[in-house]
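**Student:** Read top to bottom, the protein sequences are chains W and R.
Numbering that gives the first Met the number 0 puts the first residue of the first sequence at 0, with every later residue one more than the last.
Numbering that gives the first Met the number 0 puts the first residue of the second sequence at 0, with every later residue one more than the last.
Hints in this document: simulated from the structure, not taken from any laboratory.
Some hints here could point you the wrong way.
Straight line, CA to CA, 30 Å or less: simulated BS3-like cross-link-like pairs of lysine-lysine [to be verified]:
{"id": "1", "chain 1": "W", "residue 1": "Lys133", "chain 2": "W", "residue 2": "Lys122"}
{"id": "2", "chain 1": "W", "residue 1": "Lys292", "chain 2": "R", "residue 2": "Lys276"}
{"id": "3", "chain 1": "W", "residue 1": "Lys48", "chain 2": "R", "residue 2": "Lys152"}
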Amino acid sequence: MNRSEIIENYSDIVVTKFSSKMWSTFLVLGIIVYLIIAILSLDILQIHKKWSPERASLFALDTYAHKDHVIMKWSEPDDIIMSFEGSRWSQYVGPYQKSDGLPARYPEWTSIGSEGETKISFKNGGFVNLYDDKVTIENWPDTQETLVFSLDAQGKPYVENVDNLPKWIRITENKIEVRPSLYERVQVYSKKVEVHRYSLGWNYFWFDFDSPLEPYGIWNAISLSFSGDRIDPNISNFSLLIQEFLNNDMWHHGQILWALLETIFMALLGTLLAALLGFPLAFFAAYNVTPFKFVRTILRRLFDTLRGIDFLIWSLIFLRAFGPGPFTGIFAIAITDTGTLGKLMSEAIENTEEKQQEGVESTGANKTLQHRFGIIPQILPIFISQTLYYLESNTRGAVIIGAMGAGGIGLQLLGAINTGTSWENVMYMSLLILGVVIFMDTMSSKVRRALIGDETLGAELQLAKMAKK
Amino acid sequence: MQSSLPENLIKIENNLKSLTRTRSIYSFLSIAALIAVIYSGLIVAETGNATSIWVGLPKFFDYPIDLFVGSWEYGYRWNLLLLEYLPDLISTINMALFSTAMGTLLAFFLSIFSSRNLIKSKTTVLIFRRIMDICRSFPELVIALVLLYLLGKSALPAVIAIIIHTAGALGKLFSEAIENVDKNPIEGLESCGASWFTRIRFGVVTQALPLFLTYTILRFEINIRASTILGFVGAGGIGEQLYTNIQWKYEADTIAIMFLLVSTIIALDYLSSYWRKSLIGLKS
Chain W
0 MNRSEIIENY SDIVVTKFSS KMWSTFLVLG IIVYLIIAIL SLDILQIHKK WSPERASLFA
60 LDTYAHKDHV IMKWSEPDDI IMSFEGSRWS QYVGPYQKSD GLPARYPEWT SIGSEGETKI
120 SFKNGGFVNL YDDKVTIENW PDTQETLVFS LDAQGKPYVE NVDNLPKWIR ITENKIEVRP
180 SLYERVQVYS KKVEVHRYSL GWNYFWFDFD SPLEPYGIWN AISLSFSGDR IDPNISNFSL
240 LIQEFLNNDM WHHGQILWAL LETIFMALLG TLLAALLGFP LAFFAAYNVT PFKFVRTILR
300 RLFDTLRGID FLIWSLIFLR AFGPGPFTGI FAIAITDTGT LGKLMSEAIE NTEEKQQEGV
360 ESTGANKTLQ HRFGIIPQIL PIFISQTLYY LESNTRGAVI IGAMGAGGIG LQLLGAINTG
420 TSWENVMYMS LLILGVVIFM DTMSSKVRRA LIGDETLGAE LQLAKMAKK
Chain R
0 MQSSLPENLI KIENNLKSLT RTRSIYSFLS IAALIAVIYS GLIVAETGNA TSIWVGLPKF
60 FDYPIDLFVG SWEYGYRWNL LLLEYLPDLI STINMALFST AMGTLLAFFL SIFSSRNLIK
120 SKTTVLIFRR IMDICRSFPE LVIALVLLYL LGKSALPAVI AIIIHTAGAL GKLFSEAIEN
180 VDKNPIEGLE SCGASWFTRI RFGVVTQALP LFLTYTILRF EINIRASTIL GFVGAGGIGE
240 QLYTNIQWKY EADTIAIMFL LVSTIIALDY LSSYWRKSLI GLKS
């Protein structure tokens with residue numbers, strides 16, 4: 000068979016028309032043109048101007064590391080301040096006199112050298128030494144010689160041996176910035192010297208800086224809570240442990256966990272309320288249950304309206320009525336999902352098998368019993384699986400509503416991001432949200448799988464399949 | 000009376016009774032659990048809320064009434080406001096459309112690598128599934144807020160956030176669709192020596208495309224809502240306009256924007272359900 004014969008015999012399979020061959024090409028072309036327009040209009044190409052890797056890596060560093068500050072003023076070289084994250088409320092040592100030796104609570108990475116200088120040791124083996132009139136960096140891996148910084152006659156900072164200056168030292172008019180890597184930083188100003196020492200991990204996660212349990216660490220504190228003498232004579236060790244953990248001033252565990260609980264309950268109660276409202280209403284909107292077209296049409300339009308007015312707008316309206324708080328979230332979710340669940344369920348009811356209802360009818364049961372035993376057993380698994388599906392997506396929704404003013408973990412997160420400094424808290428809250436959402440997701444998909452068998456097609460399609468039946 | 004019944008019937012009767020008992024215990028327990036959840040939830044909500052529910056409930060209609068009164072006073076020029084905010088609506092739709100397109104593309108690649116019938120290596124499948132889980136579980140808002148802080152206020156962070164979320168959410172659905180395709184065409188292609196790409200192109204994509212499109216259209220609808228919300232936190236578009244007008248208490252403008260949003264969402268709802276129906280019809 001040659002080409003023309005094939006075309007002749009299989010004209011319904013072999014496409015020769017130019018237009019029908021080309022439409023997909025035009026479609027692809029159209030998509031490409033749109034993408035180019037969108038990329039230009041959304042400034043996607045400007046991304047490299049806005050994105051500074053340095054800034055981003057600093058923020059990223061802050062999410063998993065903490066830093067200790069050491070500050071020495073040139074005018075009072077004897078008073079050195081060491082603090083956690085530079086906070087005034089968490090100083091290892093306040094201003095102390097070097098001649099008196101190190102105070103009781105000093106970090107293990109500091110020591111007093113032979114000439115009375117304060118030595119700060121770093122993870123890479125190097126030392127920063129604070130003398131009365133100079134600062135030296137010695138034993139640093141990248142450079143052999145000892146770098147010496149001090150003030151000149153005009154009071155400007157300078158480096159003493161400049162012949163072989165490493166790249167990571169930046170000298171400007173009033174400041175010398177030494178940043179060999181992300182984990183070490185020395186800034187020499189004309190007024191003071193500031194040393195930042197980064198270490199990995201979330202410090203003071205369990206107990207804050209001033210907590211009486213802080214020196215023990217979490218495991219010792221737990222074992223102390225079951226045996227051992229009372230640390231605070233007024234309160235048992237176990238209550239002290241709980242109290243100190245929840246009232247942690249740096250991580251705000253109590254506040255954050257409460258906010259998380261609020262968000263979870265927002266989603267849970269909102270979905271429950273929607274299910275309780277939507278389920279009965281769905282019966283009144285289904286033609287095989289309710290004979291009155293008038294009622295059905297009104298309910299259908301009501302569902303559409305509730306669903307169409309987005310939960311964003313509902314939450315704005317409820318925010319005015321109830322003020323910031325979980326009720327706003329609960330009602331916004333409940334109202335939106337009443338519409339969604341009502342619509343989906345009324346469609347499911349209309350698609351149930353009539354035979355079962357007829358079977359119940361043949362035993363002489365009245366209408367209510369027919370619906371109870373003829374329809375509900377058919378739609379209950381779908382109903383529960385849909386509700387669980389929405390519970391999972393509402394958990395994410397509750398975080399969003401929370402950030403828009405309804406409170407809960409969303410608002411806490413927004414606050415933490417807007418301060419711009421507590422990135423470790425942002426990370427902590429993000430992980431909590433992630434955990435809760437993944438938990439909800441796994442649970443709901445497990446239950447759904449158990450209820451409606453191998454649920455692989457997704458809830459939406461399940462209904463579409465039913466609608467076809 | 001009972002003793003006169005045959006033994007097997009008594010057995011059935013007793014069985015039924017015990018089953019009913021267990022059942023009623025289960026229903027009682029679940030109802031009790033439900034009530035406990037609602038009660039404790041209400042306590043949490045009542046303590047966390049600024050206004051008590053009984054104070055807030057009567058005030059529910061205050062804001063809608065305020066809005067309508069405000070726009071009534073604005074007069075007949077109200078409909079011009081709709082035109083004024085149309086460009087913002089279009090920019091929001093543009094954001095959603097672009098991020099849906101990009102997200103779908105990404106989801107497609109992710110889903111291929113997380114489908115057991117296409118990738119033999121179990122670790123690869125597992126890794127890609129976890130990646131998708133993480134992308135999906137983060138609310139868009141969280142990613143967008145962080146990126147907005149890093150990149151400054153523009154549509155870009157929102158677009159990236161929606162793309163990430165869309166890739167995760169669609170990727171999961173896509174991979175489920177891919178895993179459910181008929182194996183025979185793939186095997187047929189393999190038997191005539193088709194490469195891995197050809198097998199995917201003609202064996203998988205042809206089967207799963209209607210489902211892919213269905214899910215994508217559904218996502219587009221969701222993403223329009225998402226990009227509106229992200230506008231609230233500084234991504235621009237109609238969400239930002241809504242936020243500022245609410246802050247400034249411009250009732251007429253607020254109502255106009257809400258009207259635009261709601262009509263867009265409802266129109267898209269109808270359109271997408273029409274598309275979906277025709278696509279699923281095509282499939283069978």
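**Student:** Each hint needs a verdict: does it hold in this structure or not?
**Tutor:** So, going through the hints one by one against the coordinates:
no.	hint	verdict
1	W/Lys133 - W/Lys122	22 Å, holds
2	W/Lys292 - R/Lys276	24 Å, holds
3	W/Lys48 - R/Lys152	13 Å, holds
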